[in-house]
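Chemist: In case you want the letters, here they are:
4 protein chains.
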Amino acid sequence: MTFISDNAVGVAPEIMSALMEANRGPTMPYGADDWTRRIERKMAEIFEHEVRVFPVITGTAANALSLATLAPPYGSIYAHEEAHVMTDECGAPELFSGAKLRPLSGAHGKLAAETLDRALTRDTTDDVHQVIPAAISVTQATEAGAVYKPAELQAIAEVARRHKVRLHMDGARFANAMAFLNVPARQVTWEAGIDVLSFGATKGGCMAAEAVVIFDPALATHFGHRRMRGGHLVSKMRFVSAQLEAYIADGLWLKLARHANAMAQRLAQGITAASPHLPGAKLLHPVEANELFVQLPAATIAGLREAGFAFYDWPAEEGTAIRLVTAFNTDAALVEQFVKTVKDLAGRAT
Amino acid sequence: MTFISDNAVGVAPEIMSALMEANRGPTMPYGADDWTRRIERKMAEIFEHEVRVFPVITGTAANALSLATLAPPYGSIYAHEEAHVMTDECGAPELFSGAKLRPLSGAHGKLAAETLDRALTRDTTDDVHQVIPAAISVTQATEAGAVYKPAELQAIAEVARRHKVRLHMDGARFANAMAFLNVPARQVTWEAGIDVLSFGATKGGCMAAEAVVIFDPALATHFGHRRMRGGHLVSKMRFVSAQLEAYIADGLWLKLARHANAMAQRLAQGITAASPHLPGAKLLHPVEANELFVQLPAATIAGLREAGFAFYDWPAEEGTAIRLVTAFNTDAALVEQFVKTVKDLAGRAT
Amino acid sequence: MTFISDNAVGVAPEIMSALMEANRGPTMPYGADDWTRRIERKMAEIFEHEVRVFPVITGTAANALSLATLAPPYGSIYAHEEAHVMTDECGAPELFSGAKLRPLSGAHGKLAAETLDRALTRDTTDDVHQVIPAAISVTQATEAGAVYKPAELQAIAEVARRHKVRLHMDGARFANAMAFLNVPARQVTWEAGIDVLSFGATKGGCMAAEAVVIFDPALATHFGHRRMRGGHLVSKMRFVSAQLEAYIADGLWLKLARHANAMAQRLAQGITAASPHLPGAKLLHPVEANELFVQLPAATIAGLREAGFAFYDWPAEEGTAIRLVTAFNTDAALVEQFVKTVKDLAGRAT
Amino acid sequence: MTFISDNAVGVAPEIMSALMEANRGPTMPYGADDWTRRIERKMAEIFEHEVRVFPVITGTAANALSLATLAPPYGSIYAHEEAHVMTDECGAPELFSGAKLRPLSGAHGKLAAETLDRALTRDTTDDVHQVIPAAISVTQATEAGAVYKPAELQAIAEVARRHKVRLHMDGARFANAMAFLNVPARQVTWEAGIDVLSFGATKGGCMAAEAVVIFDPALATHFGHRRMRGGHLVSKMRFVSAQLEAYIADGLWLKLARHANAMAQRLAQGITAASPHLPGAKLLHPVEANELFVQLPAATIAGLREAGFAFYDWPAEEGTAIRLVTAFNTDAALVEQFVKTVKDLAGRAT
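Residue numbers (the working numbering), protein chains in the order written: chain R, 1 to 350; chain U, 351 to 700; chain Y, 701 to 1050; chain L, 1051 to 1400.
Just so you know, these hints were derived from the structure itself, not from any lab.
Heads up, a few of these hints could be off.
Covered by chain Y, according to a simulated footprint, are these stretches of chain R (three or more residues, beta-carbon under 8 Å) [claimed, not checked]:
hint : segment
1    : 111-117
2    : 273-286
Ranges of calculated distance between the beta carbons of each label pair, as one might list FRET restraints [as the list claims (entries may be wrong)]:
hint : chain 1 : residue 1 : chain 2 : residue 2 : range
3    : L       : P1063     : Y       : R738      : 19 to 27 Å
4    : U       : G601      : R       : R186      : 46 to 54 Å
5    : L       : R1355     : R       : L219      : 41 to 49 Å
The beta carbon of each residue, even a glycine, is placed where N, CA and C say it ideally should be.
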């Protein structure tokens, strides 16, 4: 399993303890419980802003419901062509919103402000034949493992404001991005114009917990109805909220993410060091969160698998490539072993 | 909380242990894990029939996805006017299926075969102005706490067959119904023509786990896509499946349901005994599962609340009524205390 | 064909002439033409109110698009259980709005203010499990051929206002209702709280033309997009608008409706006169527009068909019944012949 | 107006006569009339194949309903990035089908078989995260005025067959394509694997009439319900069918299209002759139907407008461009005048 995915791992012990703790006595269902109330308050502290928080149990639900809140059925939503909402949600954003998703390209999974500006300028019209540009969705960290810097997001926000479209952030790996950036959370969310954030926690160490964080209360009015209509209102909600509470308490989310990121950095470093001896070897994207996309000789990839490491092959323009994902509980010794194996294989290659 | 709802209680210890157990090492995500494989096999044993099993985390998701599998967008689905799919899912079945839900009335939350036959005969036509009858959804146990007997279901199945419509069972409290009936599960499912069952487990003692059980494999072909498109594919699926596994292992589901049912019976007995002294007091529906709907004098209701008992008021044709729900962990002593309080209040009333 | 339906007849000669006239030279497509501009002005005169007018070509499109404008996907729309939107549009209102349609009963196809008040009071809640009451749709004239009086509509409007829901009028036979009422159009539309009117013209004598008339401009903002998204924006729009223009010019619409209504009155009178000699014969609903629902002995019905008259059988609580529909061009001589045949059959019956 | 669009012109006199003719006496509504029956037979002759024919009144309705018939809600539909279904229907295909539209690029508005093969190979997977490739939509003639040759379509059909996806043809300008190709209609429809054809007639000279032509009867089973549910079942259907009947009788459709194509050819010839003297002037696409996309100096464009000619500006990679559309009734003298004006402006330019 080692580097397959951050959802192939289990649950952090702190989260498990919180679940045990939450299982004491009865409480009102559907979110009218203390855990749910507390996470709204705690999130407001983290973001230094009034927020409305809606726990759900999948990132796809968080994204699709968020986008349904931001775009009408005759509207359009811009996202990177490789974004999860675009390629990996089997049309959930379309089902929930009715809107049209418009793919845009960009390096390392990022949308550039100029790309968005060009697309929005092109697509803004009074002609009823065309859907109305309504929202942009950015992924933080991106599907390529890169992280938007505050200035990049602010440039996008400026474009959004000018074209009067809303901004959503898919933060399935928001913790990894924040651990990398080391800035206040507000700088890459509401200060950067984000209206709604899918705050991911499952990949970060929870069992099944994501939070939709809404920075503009007016947008939250009917979110509860949309969530219910999507079948996403968990009855024993405290057990979702308890996960989230433990995850964001005392900076656990950042601590776990820092570990995952550090393991990714170590892998990157080891691979880079060995690459002069591996023809064509290179990192396809900057390693800023907990994912690496690595072009490697086919023989090296085969060697790694023979040595017992697991990971996905990844499409590459040329040659062969793999994806490595680290997690909150990735074993440092295993990482060293991987690095050593790469080095050995590189030695053999030359 | 005491009698508020079976989702206001916590999680059975066996389920909690199973979650702990499942948190060992990595596994493939999205249901490609051993837990998920095992529950499909175990369900096949329980139902003595080949099944396809799809875990989800809410009953609404189970119902809405099941119905989407059974009815086209230009079709209609018949259900009791008080059914959960009709009144408590904020339109989820319509969102997922596109179909039209048609309410029918019937005593104790049940659909009668003749009522269905009449409606289906009336609504079957070649006229494209009308939606095409496509499915029936029955709730077992019903929203009124009653249980369909095998013969009642078989009569409905016969109507369904004759009119060529599919049959869905909302089994949010399937365990309570089975504990009451004490017949093989096949008799009230596929032998009674059920095509798809929403097998509830959350109310029965799980944290958040329901299973869509499909008896006709042809219907399962694209269920996985529909589930994903609804945002209902949990990434760390083993933790949903582990709950289900523990729940159905060694008859735990029936044991827990038997307790809840017994507590409901004891309440019913106590209330009935006291009712000659409580003007207008009566059980509004037969008590066959874990819910009671009780007409009581307003003063008695107030007295119960003063004594610390919690429950919902319930609409009644005349007078005042309440709903009492017992659960897998309802304290027998509390039940006795409730019965005693009713008796005392009855004494005072006369 | 004689009394089959008002859409089994052809097109009024004035409408045909208008189509010929409109076929001169080129014009901008999609409604940016003079005909479309003129009907908006003319409608404003008829209703003595600012209006936005959107021509479409079916009543179902007019209704479904109107309702989509008034109700969100998590909302509900109340209508009579026999209303066209409820039973004869194959789910179009649901497809276009996403909302849930809630059937209510009432005499002669009418919704009573008290019925609505009761339903809205029952259904208004903060509970996200339930869809939010959003709109009421009334049909003028009703499917039973009855006409809402201004006071009845005002009572409904008062209920709507109190419960903060919007009001739609399905006016497929609006002309027949207006011809019967003989009051200013404003009294039964915006003065009676109607937000959006489906102004029917096809049944009144056009070829295929209906107008969505919006009294609150704020509701019109994205109607054009919804119409396009439904495939209901006709490219050579002038030919739809030209029909509407001729239809509403110089009171043609009312003149044609008055004829249809008069023919219906004559039929009602003749049948009533003969009914003492026809066991069980009676009008099932007041005859106020151009439809009659008549309970008649089976032998009389058969006799009428033998005499060459065409009409639909209609469901009746007891005995046998038929529907008779008159149109703008119903031949008075044929009506007399029908009346005479009924009289003859009545003579024979006694 | 002259070259604005083929829907900015009126209706061919033969169509108008047919409408007059059809307005005689009553007939059954909703397509149970002789006109509708006759066009199905006539279409079967034209295509030399059994067909089911469903008249509608807009091309968007024809396309969206056709695609809904070919793709499930969790499916995807491939079309050219400039296709009408992709950019000009405000999301109607998505509303009606629920499916995801996937844009592909290609020269002159055409999809190449290899492009489709690559995309389908890339997108075919067992992973439920991705929508299932379900259909391809080709436009004949394309939005760029080019025409697929039989061999090109057969190559696409071969790809479709191999990947088990269905084929739709948007034939808004099918007549112009057929007039250009001069082959039997079967060669570019069912023989080339087309399952459903949107047979356009409005642009060709009708008032508002399109026909969905289904070559596989199994696909037609519920088309009637889908059409009704979309609000696209015209009650006085004979008036739509009468247009179609006149249009396809005695080859009128091809005769009208040949005129439009000839006018386009004459324009292309004139512009090409003048282009050596107009810096950068060129035809951006082959002129094969009734549309020209012409790059011209800004001064030339301004000069043409000053001379009274009307047309749309068109986006061009470099420089300035316009679109010219001819129609069934484009005046040959006007075309000559346009050509002369271009020549004069070219003279002045040098």
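Chemist: Hint by hint, note whether the structure agrees.
Modeler: Right, here's what the structure says about each hint:
no.: 1; hint: 111-117; in the structure: violated (count 0)
no.: 2; hint: 273-286; in the structure: violated (count 0)
no.: 3; hint: L:P1063 x Y:R738: 19 to 27 Å; in the structure: 25 Å, holds
no.: 4; hint: U:G601 x R:R186: 46 to 54 Å; in the structure: 53 Å, holds
no.: 5; hint: L:R1355 x R:L219: 41 to 49 Å; in the structure: 46 Å, holds
Hints 1 and 2 from the earlier list are contradicted by this structure; the remaining hints agree with it.
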